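Asks: From just these sequences and the hints, can you work out the full model?
Residue numbers (the working numbering), protein chains in the order written: chain A, 162 to 588; chain B, 162 to 588.
For the record, the hints were derived by calculation from the structure and aren't laboratory data.
From a predicted model like this one, the values you see are computed outputs, not experimental measurements.
Careful, some of the hints might be misleading.
Identical chains share a label here; the pair holds if one copy fits it or two copies do between them.
Said to hold, decoys possible - Mimicking DMTMM-like on lysine to aspartate or glutamate, the simulated pairs with C-alpha atoms at most 20 angstroms apart in a straight line are:
no., residue 1, residue 2
1, LYS199, ASP236
2, LYS441, ASP301
3, LYS475, ASP390
4, LYS464, ASP210
5, LYS546, ASP236
Number of protein chains: 2
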Amino acid sequence: MQYSELSREELLSLKSELDERYKESKSKGLNLNMARGKPSATQLNVSMDILDVINSKSDLNAIDGTDCRNYGVLDGLPEAKQLMADMMGTTKEHVIVYGNASLNIMYDQVSRAFIHGLMGNTPWCRLDKVKFLCPVPGYDRHFAITESFGVEMINIPMTENGPDMDLVEKYVNNDSAVKGIWCVPKYSNPQGFTYSDETVKRFAGLKPAANDFRIFWDNAYVIHHLYEDKQDEILDIISECEKAGNPDMVFEFASTSKVSFPGGGIAAIAASEGNLNDIKKHLTIQTIGYDKLNQLRHVRYFKNLDGLKAHMAKHAEQLRPKFEATLKVFDDELTGLGIGSWYAPRGGYFISFDAMEGCAKSIVAKCKEAGVTLTNAGATFPYHKDPKDSNIRIAPSFPTAEDMAQAADIFVLCVKIASVEKLLETK
Amino acid sequence: MQYSELSREELLSLKSELDERYKESKSKGLNLNMARGKPSATQLNVSMDILDVINSKSDLNAIDGTDCRNYGVLDGLPEAKQLMADMMGTTKEHVIVYGNASLNIMYDQVSRAFIHGLMGNTPWCRLDKVKFLCPVPGYDRHFAITESFGVEMINIPMTENGPDMDLVEKYVNNDSAVKGIWCVPKYSNPQGFTYSDETVKRFAGLKPAANDFRIFWDNAYVIHHLYEDKQDEILDIISECEKAGNPDMVFEFASTSKVSFPGGGIAAIAASEGNLNDIKKHLTIQTIGYDKLNQLRHVRYFKNLDGLKAHMAKHAEQLRPKFEATLKVFDDELTGLGIGSWYAPRGGYFISFDAMEGCAKSIVAKCKEAGVTLTNAGATFPYHKDPKDSNIRIAPSFPTAEDMAQAADIFVLCVKIASVEKLLETK
Chain A
162 MQYSELSREE
172 LLSLKSELDE
182 RYKESKSKGL
192 NLNMARGKPS
202 ATQLNVSMDI
212 LDVINSKSDL
222 NAIDGTDCRN
232 YGVLDGLPEA
242 KQLMADMMGT
252 TKEHVIVYGN
262 ASLNIMYDQV
272 SRAFIHGLMG
282 NTPWCRLDKV
292 KFLCPVPGYD
302 RHFAITESFG
312 VEMINIPMTE
322 NGPDMDLVEK
332 YVNNDSAVKG
342 IWCVPKYSNP
352 QGFTYSDETV
362 KRFAGLKPAA
372 NDFRIFWDNA
382 YVIHHLYEDK
392 QDEILDIISE
402 CEKAGNPDMV
412 FEFASTSKVS
422 FPGGGIAAIA
432 ASEGNLNDIK
442 KHLTIQTIGY
452 DKLNQLRHVR
462 YFKNLDGLKA
472 HMAKHAEQLR
482 PKFEATLKVF
492 DDELTGLGIG
502 SWYAPRGGYF
512 ISFDAMEGCA
522 KSIVAKCKEA
532 GVTLTNAGAT
542 FPYHKDPKDS
552 NIRIAPSFPT
562 AEDMAQAADI
572 FVLCVKIASV
582 EKLLETK
Chain B
162 MQYSELSREE
172 LLSLKSELDE
182 RYKESKSKGL
192 NLNMARGKPS
202 ATQLNVSMDI
212 LDVINSKSDL
222 NAIDGTDCRN
232 YGVLDGLPEA
242 KQLMADMMGT
252 TKEHVIVYGN
262 ASLNIMYDQV
272 SRAFIHGLMG
282 NTPWCRLDKV
292 KFLCPVPGYD
302 RHFAITESFG
312 VEMINIPMTE
322 NGPDMDLVEK
332 YVNNDSAVKG
342 IWCVPKYSNP
352 QGFTYSDETV
362 KRFAGLKPAA
372 NDFRIFWDNA
382 YVIHHLYEDK
392 QDEILDIISE
402 CEKAGNPDMV
412 FEFASTSKVS
422 FPGGGIAAIA
432 ASEGNLNDIK
442 KHLTIQTIGY
452 DKLNQLRHVR
462 YFKNLDGLKA
472 HMAKHAEQLR
482 PKFEATLKVF
492 DDELTGLGIG
502 SWYAPRGGYF
512 ISFDAMEGCA
522 KSIVAKCKEA
532 GVTLTNAGAT
542 FPYHKDPKDS
552 NIRIAPSFPT
562 AEDMAQAADI
572 FVLCVKIASV
582 EKLLETK
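Replies: Now the structure itself:
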């Protein structure tokens, strides 16, 4: 029975029962964390052998003869470009390989647009107003970058097929102050949605009012499936933009942070020749080159797309039980109550939970009090402001499946209490 | 006998003799390169064992328990901070450890000053004019950074004790548009000069007209000695600035690019607590963290300052004969002719040669024609403009000592020809 259909008396009685259980839970003194979107130590163990492929006896020349130990090669080893292109589903001509963090590449792209301008356009720092579209809920670190540059961020609701494209088209095609949009197109952070083919094609077919509008296509989870047999597919945005006559409209990003090691991976951008030339013009001032030995290490270990896929299957094996343990508790405890909705993603690192309006902060606080740490409510929105105070991001990767089940028990309990309290306000 | 004292007839006769030798040299079809300030493959071999200290069997926890494989730790492992602090001669509280390139740190510091401002000061992009002092000759990649941001660069002559401090004080203490100065304080690029204690103290005692004036102290060659028994010392600028009441006035930079591998080292900044907090506020937006596994690799390999010093002695053993072979040719062939001056550095990666005014471009072109590549004349000055067309940077590290001697033979021959031609213009 839906909670909203309960009478005040029924709600009060339910609340007293739930409060009792909450008190009991608190007394256990738990210390669980569902906030951190990072692999567990056990999961990282699957990548340990990468540390052996390069040693003092190794030939450290790249396929083009580059001595990877020395200076040189601004834009990445050819074989590293190939590997990252394979991962993103594009060709190596579109790729520059960097150091360990794709976030840093995104930051630098925004920074460069502000100071130097993109492909000859006016630097954004000289404009009165720069706006970015932000599909919500989304990734807090994306929003933090644009916030730090004083960009006005506009919420765009997400659907299971991607952002609301009517709204995206309205803004992008009519407002020349709209310079970008943050996208996690596959297994989106936090919902785990994958943009449909139609969505990708509508992105590629945008007719931006601004010459220097760019799609920031953070393909962070492009090969991060949870299942062998149920995998989402995403169209290649680079070639779709080419076909639509908008080759320069997109920056795509990816990294091996959740493939090899978050603390020692490689990252890349994919873009048109025009964009890459523009980037390299500035990059050659910024650095002599990135860590080629680590690029070589990754190429020698993963070899190619098949190698990457086989490796990701090992990660999936570790992650799947944690997602399933969490979702089972949600299904068992919350189905039919009308106090929350969630989605079982086929990949990525998160489960997104939408509570009743006005309940997210209260749920997170109650969980905290009972020893379960969640990402702050609001974190998935620009300026940390969830207009409905509803969305909560759950990260099942770091704890064990058993701990996740236990944490999820507390979570659903807190969802129930917060919902009852909310309903009592108006009954 | 000095060339300037030769008569027109003597010069003409000398020229015909030199031209004959030049023709002969050209016929050899040499292909030698004195342009690249990078280690040779043989030299890089001394660092190969660093690739073995971390492997799949290693404990990958830092001393504070951080799993170096995972996310976390924005500002560097504690032990990596200690190692880089030891290298720079400061304490680990002053240090942030980054990825592989100190140049990238410098670029980001300038970039951040332009966009966000330093420690609450007005972002430089909002100012009509930003000026940097540039001790000359200096490092082309420093000048390229400030040039790319539209900074007005002012030449400051170098002496064997460092930059002309009367001039530095005049500019810094009186002009609030002067926001920075580029320094390579030890074994300077390209001259190999080390700033005297008096120079460092005068730097620390500057009374800048601008609150946000910063010394960009690129201590690139701080432990890069050529000799065991003849080593320059440099005062610690961080503590000198503290003592002088100017703790926030300096950013110090260093890396292991020429200690371990240029293509896979670690880099660091040292600065005051105020500056580090200001940096971290923005860095946490820019990245989740740098490659901790490579930091760990470096710490486990070098251990401490003694380890670094012992390792640098191996590099010196490789480099010394190349410098000495070059300098011997200069000494033997050019001493007393009054057509050039040079300095025998005790460390660093370069020899700086000052030709007669108006001869550098001609010398570089003649060398090129005879198969010897040099750094372009003018490269050691802002905007690539050497007002005297005199300075040439020579990089002895990459070729063998034998090749360097052969290249130096061609070089001195070209110096002689260019000088004779110059003298003939007015005789």
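Asks: Next step is simple, just say for each hint if it's right about the structure.
Replies: Quick rundown of the hints versus the structure:
Only between protomers do LYS199 and ASP236 lie at most 20 angstroms apart by alpha-carbon distance; the minimum there is 18 angstroms, versus 28 angstroms within a single protomer. Within a single copy, LYS441 and ASP301 get their C-alpha atoms only as close as 28 angstroms, which misses the 20 angstroms cut-off; across copies the closest is 18 angstroms, which meets it. Proximity of LYS475 and ASP390 under a CA criterion of 20 angstroms is satisfied intra-copy only: 14 angstroms inside one chain copy versus 55 angstroms between copies. Only within a single protomer do LYS464 and ASP210 lie at most 20 angstroms apart by alpha-carbon distance; the minimum there is 13 angstroms, versus 24 angstroms between protomers.
Proximity of LYS546 to ASP236 under the C-alpha cut-off of 20 angstroms is found in neither arrangement, the shortest distances being 38 angstroms within a copy and 28 angstroms between copies.
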